[in-house]
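Participant: For reference, the chains in residue letters:
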Amino acid sequence: MNAAVLTVRPDVEYVLSAAPPALKPRALPAWRRVLQHDGVRRGIVLVVLAAVWEALARWQANDLLLPTFVQTLRAFVEGVASGELLVKTGISLSVLLKSYVIGIAAAFVLTSLAAATRVGRDLLSTLTAMFNPLPAIALLPVALLWFGLGQGSLMFVLVHSVLWPLALATHAGFQAVPETLRMAGRNYGLRGLRYVLQILVPAALPAILSGLKISWAFAWRTLIAAELVFGASSGKGGLGWYIFQNRNELYTDRVFAGLAMVVVIGLVVEALVFRTLERLTVQRWGMQRTNQ
Amino acid sequence: MNAAVLTVRPDVEYVLSAAPPALKPRALPAWRRVLQHDGVRRGIVLVVLAAVWEALARWQANDLLLPTFVQTLRAFVEGVASGELLVKTGISLSVLLKSYVIGIAAAFVLTSLAAATRVGRDLLSTLTAMFNPLPAIALLPVALLWFGLGQGSLMFVLVHSVLWPLALATHAGFQAVPETLRMAGRNYGLRGLRYVLQILVPAALPAILSGLKISWAFAWRTLIAAELVFGASSGKGGLGWYIFQNRNELYTDRVFAGLAMVVVIGLVVEALVFRTLERLTVQRWGMQRTNQ
Amino acid sequence: MQLPLTQPGADAPPQALSATPLLQLAQVSIDYPQGEHWVRATHQISLSVMQGDRFVLLGASGCGKSTLLKAIGGFVTPSEGSITLAGRRITQPGPDRAVVFQEFDQLPPWKTVRENVLFPLLAARRCGRKEAAERAELYLAKVGLAKFADAYPHQLSGGMKQRVAIARALAMQPELLLMDEPFAALDALTRRRMQDELLALWDEFRFTLVFVTHAIEEALVVGNRIAILSPHPGRLRAEIDSERFGFNNAGSADFQATTQRIHGLLFETPRAAAGVEA
Amino acid sequence: MQLPLTQPGADAPPQALSATPLLQLAQVSIDYPQGEHWVRATHQISLSVMQGDRFVLLGASGCGKSTLLKAIGGFVTPSEGSITLAGRRITQPGPDRAVVFQEFDQLPPWKTVRENVLFPLLAARRCGRKEAAERAELYLAKVGLAKFADAYPHQLSGGMKQRVAIARALAMQPELLLMDEPFAALDALTRRRMQDELLALWDEFRFTLVFVTHAIEEALVVGNRIAILSPHPGRLRAEIDSERFGFNNAGSADFQATTQRIHGLLFETPRAAAGVEA
Amino acid sequence: EGTIRIAQQFGIAYLLLDVVQDQKLIEKHAKAQGLGEVEVEWNQISGATAMNEALLSGSLDVVSAGVPPMLTLWDRTKGKQNVKAISALGSLPNYLITNNPKVKTLKDFSDKDRIAVPAAGTGFQSRTLQIETAKQFGKDDFKRFDTISVSLPHPDATAALIAGGSEINSHFSSAPFYYQAMDANKAVHKVLSSYDILGGPATFNVLYTTQKFHDENPKTYKAFYAALKEAEQYVKADKTRAAQLFIRAQKSKLPLDFVRKIIEDPENDFTIVPFRTAVYADELFKLGVLKNKAASWKDYFFDEAFAQGS
Ligand SMILES: Nc1ncnc2c1ncn2[C@@H]1O[C@H](COP(=O)(O)OP(=O)(O)OP(=O)(O)O)[C@@H](O)[C@H]1O
Ligand SMILES: Nc1ncnc2c1ncn2[C@@H]1O[C@H](COP(=O)(O)OP(=O)(O)OP(=O)(O)O)[C@@H](O)[C@H]1O
Ligand SMILES: [Mg+2]
Ligand SMILES: [Mg+2]
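Protein chains in written order, with the numbering used here: chain A, 1 to 292; chain B, 293 to 584; chain C, 585 to 862; chain D, 863 to 1140; chain E, 1141 to 1450.
Keep in mind that the hints are not guaranteed to be accurate.
Each computed SDA-like pair below joins lysine to any residue, with the alpha-carbon atoms no more than 25 Å apart [as the list claims (entries may be wrong)]: (1) Lys695/C <-> Thr180/A; (2) Lys695/C <-> His1094/D; (3) Lys1431/E <-> Gly152/A; (4) Lys1352/E <-> Gly442/B; (5) Lys973/D <-> Gln443/B; (6) Lys1218/E <-> Gln60/A; (7) Lys695/C <-> Gln71/A; (8) Lys1283/E <-> Thr180/A; (9) Lys1431/E <-> Val177/A; (10) Lys1283/E <-> Gln60/A; (11) Lys1391/E <-> Trp577/B; (12) Lys973/D <-> Thr582/B; (13) Lys1252/E <-> Leu46/A; (14) Lys1391/E <-> Thr582/B; (15) Lys98/A <-> Gln60/A; (16) Lys1252/E <-> Leu356/B; (17) Lys1401/E <-> Leu356/B; (18) Lys731/C <-> Gln896/D; (19) Lys1431/E <-> Asn246/A; (20) Lys1393/E <-> Val379/B; (21) Lys1009/D <-> Ser663/C; (22) Lys1438/E <-> Leu1175/E.
Heads up, incomplete: computed chain C residues facing chain B, CB under 8 Å, no partners named [as the list claims (entries may be wrong)]: (23) Lys714; (24) Glu718; (25) Asp734; (26) Arg809; (27) Ser814; (28) Arg819; (29) Leu820; (30) Ala822; (31) Ile824; (32) His847; (33) Leu849.
Some residues of chain D that are not near chain A, with every Cβ distance over 12 Å (derived) [what the hints assert, rightly or not]: (34) Gln906; (35) Leu947; (36) Glu999; (37) Ala1008; (38) Asp1012; (39) Glu1037; (40) Arg1055.
Note that these hints are calculated values from the structure, not bench results.
A virtual CB, placed ideally from N, CA and C, is assigned to each residue, including glycine.
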């Protein structure tokens, strides 16, 4: 061993230089700093999409089927200015949020049961496999029987569309929590609900967040579709109703304005709620990468 | 230190006994062994659900809105025996599977891009936030413009319902891959597609599987709902059309038989495809717990 | 410390203590499923840990030390035999046994270093908020991480993570402390400091310690009793008394000789003749 | 080994080698984001690692050893200074530098032990399937895990996982091998065996090794050159030549003295007078 | 020329199209026109909205829906695609029925009642109701009953009415649903018929297409129109045969007697001649729903239909 002796180098000792006391963020060129900002980059994506839409619509030249971006924008601004669009959106949002919260609560109960007992696990996987593929219209008759017309039934189908995907995602997240973390939690004497709340939920938060995003989107889809069917009792129709009415009357620009409202809300909620949540939790905790 | 000297115990050496050469699974009581089997336990859940349904339906006594389990079962058996239900299911399944595969491929492309570049990431999160909440009916006019009536449009809206949730779940899974594993992969010189396929996908498999389950279910939901609207081209309507037609003729038991087919397929796919996949992958690899 | 320390009193003979071990393992075997069959990790191990013992589990890599510790922690159920703590069978984990795991990912990543130390104190309702905060401060200082109290685990080095886990377990001031190679990721000086702290705390509170290590010197210095395990499957090879060793005599001839003897017991194939049936 | 070994030939003076170090760190500083500001992990470190060096990074817990190694691996980008390998700046990771990480979760859990060793060989297209399989067999045997070739990582003990990672890196037979406390989880004997294997392989292939450890003895035995780092932030404290130490003279007076000297360099607050500006 | 893609909705009201399809009448008349083999594609789509979209997107050549949706599309495409009607599909009444014994006339509806219609506010039924409301309560109050209207597909509304006990106690219903409801629940009674509102037998559904299709496929169009005429004769000639044909073509599970009863009902006239469509054109223009005023029904029908009708 050590047969080929390498060049002998002398021992060296160094004087320790003091470290810089406080470090500032490295200066970036201005254009990179602007690009660094999420909103700006996404704004660019949006502008490009709008341009593509405009071009496509002009080329198709069939504004009863596909109005241009500008036409839609005009209808959107008119709808907002007249207050109609905002009122309808408010009605929809209130139903949506209520159902979303109920759905989250129900998913939480189901997955907590599944985390605690084998019966709960069987129940969860059987129920999701059964009910998740059922379209809202299938539940309509049953909903009518139990909740009558109006909000009750609407919320029933909305909960249906929130509950299952969220429960699936959350359960998958729970099951993937690392063994060592589980052991740590149980070592603290945590059991039952406290174990779920203090260990499983935070540890599975990335999965839960993706479930929340998915079910938020599906709640919208279902709401718009269900309001078409359920329509409005006593003139209190929401966004879906607005879309439906205008579609029937072939005011396609207003239809797209209504849909644009859904898109805008989707973008705002993504940017303000979900991104913020991610930044404050999983990214801060190093459980989710921010860059590649 | 060592102030309170404890009882002095002598040193002991032991002769090592040979370990039992092969270990058999511990014997369980017969009833536990039966319960150990997934199918049996879920069967029990199903029987209980059927009983609840039967009781509820009898109590409501309104078989135009909610037929009993037995009535539905009869209609189901008749439908299968006459072949009608099977043919319709076949038509729906073929469209569904095609769209599912296309949706998976599209989601894979989007998430791979997102894994590789920041532009991809911005694109993915903006597109999902925008399009995921849009109901299928909103895409209908555009789908008709581009794909005409029939399978093309149907597949378009189905892909829409598969793509976004799957992309969301997969992306969340990718982002949560532990840093050390990423470094290991990049250390092997893996980059681009090979990195995604050989590191990110298996490491994020639990999240991907839950995304696959969710989007499978939503593909069904969308299919049934879309077939109601699109109806049948040259008499080739699928399960959704079957449900619609029988609903129009007030054969509620057949409507429920059609829905029962969706449920049965859901259960079978869950048990045969997804469970098997989980058993062969994430559970075997210790990435998903099998019990609490 | 919750339990009043049982001192060997004048009216009780010293053997009285050994008559009621705090922790008793009786013919414990533990199996893991592997593919179609089971693999035995530890095989028929019997041990008695007295109140106030600093009991070391020593053995080669893969000999079942962690498995045994997890069984004492209540995380793994033996397939044979029984583990009793103060006469009661261990069936589940609990905050009466604080555990330092071997893995680096034992710290909930969503809690800062300070919150990580506070977490079990508050979860197990060991003490009030204020006392918990004081304890956290104290023990973080003891492991040299006061400056990092507000960092998240992913911002720490491997050794720093282990030190947080140590602080967390010590702050619990449990009756029974289970530590799985807690100092393996630490440099010589930090390790020495940690060992010192541990022994000083033991001196103060006289808790019972079960300590897994793969370093013979550490076993001799930290423990007063050493169980030596043989691998594949883990079986008990010997039990050695090490009450007499400490930092002060780490260079002594007795120390060296015992080190050598343990080395032999650990790594030489046992000669049947030398064995003494227990 | 891909690179032909550069032997100090008769016609080339010995200094010729030192003129072109294989790996050169020039004033390397690395910062991590922490909350609103940055935290400096390593500060202005300059090092030269020659072809065939067994270069040890030694330092207290949290002094930036892993950070430096990750920077050499190409996983972390320095905020100041440059790292060059054979004259080219390191910008990204690659299979020319096999890395053994400090964490236990570096093994893809979806691959068996054997597949884990095969994975980089096939991914980096180091060799054909058949040769890869042979190498995997060989190196798994070297780390004593031939029996566990078909087990999955989650079925292994901590030390066994680390040994798989070692086998995986060795099987790569890279020009530059980066190891981050690879033996920390191993018992005395296993550790000694691994050190032996490593040195034997070095003797055979003369790769360049950068080895992180916190154990002074291990540094002396394994390395031929030791860089000593001071913590918070990590700065270079000294460089020590340790070519002359090996297992055979581990008890010698020189060995003891050097150990003491390193201990002092590591843990005593430096007196400015004693320092020699490099 | 030589291909035609047609869509019908579901139900007995589209009987003429079932006959055309089942008897391959287009193919027959195409040969008579010297067109040779024509390609006929039949689709079933539910809802006027989807029909309109399919027509506008060029996915279909000929679609079918109620008179008001056709008029809306005519109104919106005037000067562009110029969608116009081809022919009627029959004069069939729609009944406003209820199971609330207190409701005898339109004035008896209260806030508590709920009227189910397929598309509240816009569909055939709602528009018809709006015309009557404007007549009874004044032009400004024509949306009075929209607030108690509920969008619900016919079958669900029928089920609700038969079962009773739900909030939905009234339904503006078309055949065969009002037959079923009144058969199954004796408490269900008629409040109003669309014939009362429109002043006599009036067209329910129409077929319509774009100017482009009409102009570019004169022979196919003629063949189609001739086929429709023959289908009308076919139904008139033997109503039992027509009922059997319907059950066969639609794979319907309805009993033959029931279908025959509907076809034989003198109120139901399966004719391609439009009746009283102008009432909608006039009234909906007055209500501001339509922007263009039709001078006569001939403004929104293609010439081929001018021979008869109103
Ligand atoms: N979850 C598991 N599934 C299957 N086998 C396991 C599992 N955990 C451990 N084993 C096996 O049990 C044996 C003992 O493992 P254990 O972790 O107790 O060893 P250890 O003494 O702690 O080793 P080390 O010093 O390397 O940490 C090993 O052979 C290992 O392969
Ligand atoms: N991802 C990170 N984010 C923020 N700070 C970090 C991160 N990783 C390491 N650090 C900090 O950098 C410093 C050096 O960490 P490093 O892991 O290099 O230490 P080390 O010398 O390897 O220590 P050990 O021997 O304990 O493994 C520590 O103070 C640590 O807190
Ligand atoms: Mg271990
Ligand atoms: Mg480190």
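Participant: Which earlier hints turn out false for this structure, listed by number in ascending order?
Facilitator: Per hint list: 3, 5, 7, 8, 9, 10, 11, 13, 14, 15, 22, 23, 24, 25, 32 and 34 violated.
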